[in-house]
Amino acid sequence: MSAVYSAMPLWVVLSSLVAAVLILIVGEPYGRTRAAINVVAAVVKLLLVTVMLWGVGQGHDFQFSATLAPGIDFHLHADALTMLLSVLSAILWLVTTIYAIGYLKDSHDRARFFGFFSLCVTATMGVAAAGNLFTFFIFYELLSLSTWPLVVHDGTPKAMRAGAAYLAFTLVGGALLLVGIVVVQLLAGGTGFTPGGFMAATGASKTLLVCVFLLLFAGTAVKAALVPLHVWLPRAMVAPAPVSALLHAVAVVKAGAFGIVRLVYDVFGLELTALLGMNHVVAAAAAVTILYGSMQALKQTDLKAVLAYSTVSQVSYIALGVGIGSPLASIGGLAHLVHQGLMKITLFFCAGNLVHTHGVTKITEMDGAGRRMPWTMSAFTIAALGMIGVPPVAGFLSKWYLGLGGLQHGQSWIVPLLVISTILNAAYFLPLIRRAWFAPVPGNQRDAGVREAPASLLWPTLVAAALALGSGFLGGMPYSPLEWARFIVERVYG
Amino acid sequence: MTEAIDGLTAGSLTALILGPLILALVAVALPRRRLIDSAVMLLALLLLALLLPLSRAVLTHGPLVMDLGGHDAPIAIPLYVDSLALGMLWLLTLLALAIHPYASAWLQRSDHPHADDYPALWLVLWTGLNSLVLSGDLFNLYVMLEVTTLGAVSLVMLGQSAGAVSAAARYLFFALVGSVLFLLGTALVYADIGLLYMPMIAVHADASPAIVVALLAITAGVAMKAALFPLHAWLPIAHASAPTPASAVLSAAVATAGVYLLLRLWLGPFAGTWTITTAQGIGVIGAAGILYGSAQALRQQRIKVIVAYSTVAQLGYLLLLVPLAQSPLAWQGAVYHAVTHGLAKAGIFLAAGNLILAIGNDRLENLSGADQFAAKNLLVIGIAGAAVAGLPPTGGFIAKWWLLSAALGQGQWWWVAVIAVGSLLAAAYVFRILQYAMRQPENRAEIDPRVRDQSLPYALLWPPALLAALALGLGFSGELLAPFLQVTDLSPALGGTGR
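Just so you know, the protein sequences line up as chains A and B, in that order.
The opening position of the first sequence corresponds to residue -15 in this note's numbering, with each subsequent residue numbered one higher.
The opening position of the second sequence corresponds to residue 21 in this note's numbering, with each subsequent residue numbered one higher.
Since the hints were made in silico from the structure, they are not lab data.
Given the structure is predicted, the values throughout are model-derived calculations rather than measurements.
Treat the hints loosely; a few may be bogus.
[As the list claims (entries may be wrong)] Chain B stretches covered by chain A per the calculated footprint, using a threshold of three residues with CB under 8 Å from any CB of chain A:
{"id": "1", "stretch": "411 to 420"}
{"id": "2", "stretch": "424 to 430"}
{"id": "3", "stretch": "493 to 506"}
Quick reminder that beta carbons are idealized off the backbone N, C-alpha and C, glycines included.
Sequences and hints are given; from them, build the entire structure.
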C-alpha cells in the first residue's frame, strides 16, 4: 500500500478542514463560490470515506502519525469503529450542506456559519479517526470551540445564554478529560487505542483506575448528554435547524457516545471495566438518562425541545449497550449510533421545514400539517415510528438487539426498561403524528392548500428518511449499520 | 561547562545588544521615520537569522558564557545563554518583527502628536530587554532593569488618554521602589560573598541572614517591576492606557522578562536556599495570581483591561515552576508557556487595537455586530485567546500538557486543579469578549460601515494575524523545539538551568 493510500484518515480530516479555511477566507459576498467549495468538499469526503470503508472491510491498515511533542503522537487511524461514525458524518454532511444552503438563503453571516460548520465536521472526523486519547482530545475540544459560533448564530440574548451554557459544560468536561488523559499517559506511557484495552497492563491500583475511569467518563458524558450533564443540549436548540440536525443530533452527542465506546473497548477493555464495576456505572447512568429524557420530552410544548430531549434519551442507548457489555447488546448500541443519527436528522429536517415554510415551532401549531406538507410529514412519521421502535424502521433493530443482549447477560431489567422507554417514546411521538394527519387545519389557514418546503429542504429530508428506513429493511445486508456493528463486535470479542 | 565561544556566536550576542542600541541613537539623531522603520525591520530579520546558529550552538554545546571585554571571571561581565534565555530571545525578536510595523502604521493612523518619539523609546526598551535576558552579572542586571523601566514608563506616557500620565507615574513609583530593593539586595550579596558574577555564585541553605534579606529584597524588587500578584496594582491601568503597540510590548515582553529574571535568580544563584515550604509558598502566590487575575478579567468592561488582567493571571503559571522545578517537563512547560503567551497576548492587544480604531473605544457593550466589520480581528482574538487558555491545538495546550504532566508526575495534584481552573477561567474571559462581538445589533440596518477590516491598512492587519498564527503553530512544533528546552541537570547554580 502506498503511503498516500494508507494516510487516508488524514485526507478525510483535511478535506473538510481545507473547505473551512477556504470558506472563511473567501468571505461573505461570494455565496456561489462558497456553496461550490462546500458541496465539492462534501462529495470528496464522501468518496474518500467510501474508499476507506471498503479498505477497512478488506482488512487494509490505515495509519497516519506525527509526533507533536516527545512521547505524544498525533495519530489517526481507521478501524471498524472509526468507520461507523465517519461514514455517518460524511453522508449526513453532504445532505445537511445542501439543506443548510437552502435553509439559510437569506440569513446573515453565512461565511462564518459554513466555515465553522465545516470545521465541526473536521472535528467529528478527527474524533472518529483518532488513534489515541491525545488526538481524540484535540478534536474533541476543537468540536466544542467550533460549534459555539453556530449555537450563537442568531445573536439574540437567548442564543448567547445557550452558547455560554454550552461552552461552560463542554469546556469543564474537556478539562476533566484532559486531566484523566494526562494520568493515563503517565501510567501507561502512551494513550494509543488498543483493542481489549491497555490500562490493565499498567498495574495501577484499583482506586486510581476507578478515579481515572470516572474522570474520562465524566468528560465524555458531557457531550453524550448523560443526566445530569445534559443541561446544555435542549438550550442549544436555539441554533438554526441544520445545526440542531447535524451537530446536536449527530456530531456532538455522537462524539461523546463514541468516546464512551472507545473508553470501554479500547482504553480500559471490557474485562477491566467489569472488574472495576464501572460497567454498572455506565449502564445505570444510561438507564436513568433514557427514562429522564423521555419524561422531559413529554412535558415540552416546543417541537425542537421535544426532539432535543428525545436525543438525550436515545443517545443513551449507545452507552447502555456498552454498559451491558454482552455481544448482542453491543451490536444494538453501536448500530444505534448510526440508526439514531439517521432518524433524528430526519426529524430535525422536518422541524426545520415546518418553521421555514409555515413558521411552525409549537406542537399545537402542527394541526393538519400533514395535509399542507405531505412529503415532509411522511418523512417525519417514518422517523418518529422508528424512534418508537416500530419495525421495519432502523430503531426497532437497535432495541431488539439491546433487549436480547440484556437477557444474554442475565440482566433482565433491560427488558422492562426498554418497554417503559418505548411507551414513553410513543406517548410523545404519536400525538404529534395524530395532530399532523388527523387534526383539522386551523381555520385561518384552511384555504392555504398544499405548500411543501422548497426542493433544497425537501430532498435532503426524504433522503435521510429513506436511509433510516433502508437501514432497518436491509439490516441483514453487508455494510448495513447493523452488519457493520456485528463486524466490530466480532473483533472486540475475538 | 562552557566551550570556547566562536566568532559568530560572539558577534550574535553583541549584535543583540548593540544593534538596537545603535539604532536608538540613530533614531534620536536622525528622526526620519521611514528610514528608522525599515532599519528596525532589517535589524529584527538579521537578529532572527543570527538566532538560528546561536540556538544550534546552545543545543550542541550547552549553555554558553561569554565574558565581555577580554577580562577573566569573576571580574568580567558575562553574557549567558541557555535554553531559557533562548526562549526569551526568540520571543523578543519575533515581537519586534511583528509589533514595530504595526506601531508605525498605528501612530500614523491615530495621528499621534509624539509619533516621532516612539521608535527611539522602543529601541531603548528592546536594548534593555535583550541585555536583561543575556546578562549574568548582578549589577549589570540592575542597570539593565533601569534601562528597561525607563523605556517602558516612557512608552506608557505616550498614551493619549487622560489617565496615561497618572498610570505612568504609578508605574514609575512601583518600578523605582523595586529598583532600590534590587540594588539593596545586590549590595548585600556583594558584601557577603564578594562576587557579582552569577555563574560563580551558589548560595546554600545555610546562608547568612544577609543573603536571606538579599533574596527577599531582590524578589520583592523584581516582583514589583514584573507586577506579580499581589504587587500588580499598577499593571492593568498602565497596560490599558498605553498606546496599543506599547501595551502589546509591555504585556508580552516586559512583564515576562521580569518573571524570567526572578526564575533565573531563584533557580540559579539562590537555588540552594529553597525548602519544600518556601517553594510551595511561591506556588501558592502564583496560584493566587492566576485566580485573582482571571476573576478580575471576568469583571471588566473594557477589552484592554481584560487583557491586562489576563497578563497578571498568566504570569502566575510561571511561578508554578518553582514547586515543580524537579521535573524537566515543568521547565519545558514554563518556557513554552512564556513564549506562547507572549506571542498570543501581543496578538490580542494588536487586534483589540484595531477594534478600537474601528469603533472608537474598547468597551464591550459597543462591540455588538463587530463580526460584521472586523471578522478577521475577532478570529485573531479567538485563536490567540485559545492559546492563552491552553486549548488545543495551540502552543498553550502543549505548555499546559507539560505542566500538568510535571504536576501529576510528582504527585502534586493540587497544582493540577489550579492549572485546570485557570484555563477554564481564561477561556471564559476570552469567550466573553467574543460573545459581545457576536451579539446582533438591535437594528441591523443601523450598522454604519464604520471602518471595515478591508479599509484598515495592511500593516495593521498582518502583525496580529502573524502572532496568532505563531501561537497556533507552536502547537505543532513541540517535537521540533523540545530538544532546545531539554533540561537534564537540575542542580543548583546558574548553570543548573542548562543541560
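Assertion that chain A covers the stretch 493 to 506 of chain B - criterion: three or more residues, beta-carbon distance below 8 Å: holds (count 5)
Between the stretch 411 to 420 of chain B and chain A, are there enough contacts, at least three residues with CB-CB distance under 8 Å, for the coverage claim to hold? holds (count 6)
Coverage assertion for the stretch 424 to 430 of chain B with respect to chain A, Cβ distance below 8 Å, three residues required: holds (count 4)
In terms of the numbered hints stated before, the structure departs from none.
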